[in-house]
Amino acid sequence: MYNLLPFNFTRLSNSEVLVNELGDMIIAPNGTVDAVVNHSLPSNDLYKTLVANHFIYEGIVPPLIDVYALRLRTKKCFLDDFTSLHIFVLTLRCNQNCVYCQASSQNEDSANCSMSKETMDASIKLMFQSPSKKLTVEFQGGEPSLMLDLIHYAITEIEKVNETEKRTVTYVLCTNCFNLTDGLLELCQKHNVLISTSVDGPEWLHNKNRGRTDSYQRVVANINKARAVLGFDRVSALQTTSELGVNYPLETIDEYVNLGFHSIFIRALNPYGLASQNNDWKQYTERFIEFYKKALDYIVEKNKQGVFFVEEFAVIVLRKILTPFTTGFVDLQSPAGIINSVLVYNYDGYVYASDESRMLAEAKDYTFRLGKATDDYEKIVCGDTAKQCAKVWANECIAGCSDCALKTYCGADPVRNYSTQGDMYGYRPTSLLCKKNKAIIEYIISMIIDRGDEVLPIFRSWLL
Amino acid sequence: MIIKVDRTIYSDSCISKCIYWLSAKYAIQRISAGDFEEISIANIEDENAFEKDFWITLNDFKLRSIIQEETKDIKTILYAKAFFNNDIEETDLTD
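Sequence order for the protein chains is A and B.
Counting from 83, one number per residue, gives the positions in the first sequence under this note's numbering.
Counting from 8, one number per residue, gives the positions in the second sequence under this note's numbering.
Incorrect hints may have been included.
In silico contact screen, one side only, chain B against chain A (beta carbon under 7 Å); selected entries [stated by the list, open to error]:
# : residue
1 : Ile22
2 : Lys24
3 : Ile26
4 : Trp28
5 : Glu77
6 : Thr78
7 : Lys82
8 : Leu85
9 : Ala89
Once the Cα atoms are required to be at most 25 Å apart in a straight line, the calculated DSS-like pairs of lysine-lysine come out as [to be verified]:
#  : chain 1 : residue 1 : chain 2 : residue 2
10 : A       : Lys307    : A       : Lys290
11 : A       : Lys473    : B       : Lys82
12 : A       : Lys518    : B       : Lys32
13 : A       : Lys130    : B       : Lys79
14 : A       : Lys157    : B       : Lys82
15 : A       : Lys364    : B       : Lys69
16 : B       : Lys69     : A       : Lys520
17 : B       : Lys59     : A       : Lys517
18 : B       : Lys69     : A       : Lys517
19 : A       : Lys157    : B       : Lys79
20 : A       : Lys520    : B       : Lys32
21 : B       : Lys59     : A       : Lys473
22 : A       : Lys520    : B       : Lys59
23 : A       : Lys473    : A       : Lys517
24 : A       : Lys517    : B       : Lys32
25 : A       : Lys473    : B       : Lys88
26 : B       : Lys88     : A       : Lys158
Chain A residues, not near chain B, derived (Cβ > 10 Å throughout) [claimed, not checked]:
#  : residue
27 : Asp148
28 : Glu200
29 : Ile531
None of these hints come from the bench; they were simulated from the model.
We put the CB at the ideal spot given by N, CA and C, even for glycine.
Could you build all of it, start to finish, from the sequences and the hints given here?
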């Protein structure tokens, strides 16, 4: 006789996929859940697997209840230290004209769209109010490399405060790499600043997206220059799949491999800034899902040929499926990454709940503005806006997500719900974010079901 | 198309969750009729395929509801054990 532990299930690739609260996954033949629920499961290997993996237990109390509780806490450990990612939007000025710009960037010579030193001072003071022992300082824009003096000032001030605070501070410069000056690289070298950049795909595609004929040439030259000064692995790249780029998955992967990257983070467009003018989001989402599947298949093939190359979104999902650990990726968290894991200090002197929140603000929508950088920390992270978000930021508690077997691998996103569906709660059956995340997670699980012997050794090598 | 669902077998919660996911595509009306519920769905192209999917979805929600009902107490205990802050100092009131 056995008792049940909490779990959910879904049907994929003619199998039943059982997932417990810890994210442990078991693939079983059709009819398994019915047998488990009706307590008619025979005492076979599957029975033992279900006991060993916390789906059922024998006796009155689960013998490993403390282990289960500890693992549950581990899965939510991103909450322990509260906000660790602090994004500083230094300016909206930019030196490129990307067709999909989500940040409402302005011309390079625009005025009144850059952060003042007073705002920087207040933002740094606020950041150090966060209890997190590890702080990631991310400089964003526009194009933050246009603000060398302010980056220098920020790092100097942070280092000064940190002499007594003793936090572990990591700096990340999110730059298009169009104009990395010697002075900037010197600063990056001195303070171990990581470079996070972006290449859209092959030269012609990148240049078309960036609105310049020389963008690819300069970006690649600067990536190599940064690698030479900072170290090869101190430069990483995120890819953004434009409406045009969605047709070229293989070419995009080849480009990243040829540029010497060992990974790619495949990202869809988000409906903010210029990207929000996309003609048909439903069609784009469907095309992006196909793009992702083809790209992931191709990456697996590359690995089979001996090229170690990783897709980072898949790594995040796989870490949740195949290990007891979680990730620091704010877009797939529940409770959501907004406020809990990220705060954004904007050039305008205000603090926002996420990067997307400040992008909404550029469209005069200040729903996720938490307060001024000069406000008290408590007002920012426990104020009325934060409380409103908190009501809907756990997918364990919202319709459509709470009954989803994949919720442990996914996350809640009140900002996206609000921007695309008009309210923070959202409606999952028509949510394109739900459609995209579910399709990708299901595809990864289907690969494990259908081609486990082939893909699991590769997937596991990505998690080392 | 009208599908009759036995309310003594399927709870309101199960039916509501099933219809929640269908309501993006279809206009659905629910009419209570004693122990049964008549679910009226308009504009279905392939009625046979729809009905098959409907019952699979409904039965899956029924299975989930049984799991939730049977595990709700142990789930509460697990979450309480996992997230109880044992670093809170308690005052000894016996002195």
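(message) Are any of the numbered hints broken by this structure? If so, which, sorted upward?
(response) Of the numbered hints given earlier, those the structure breaks are 1, 3, 15, 21, 27, listed in rising order.
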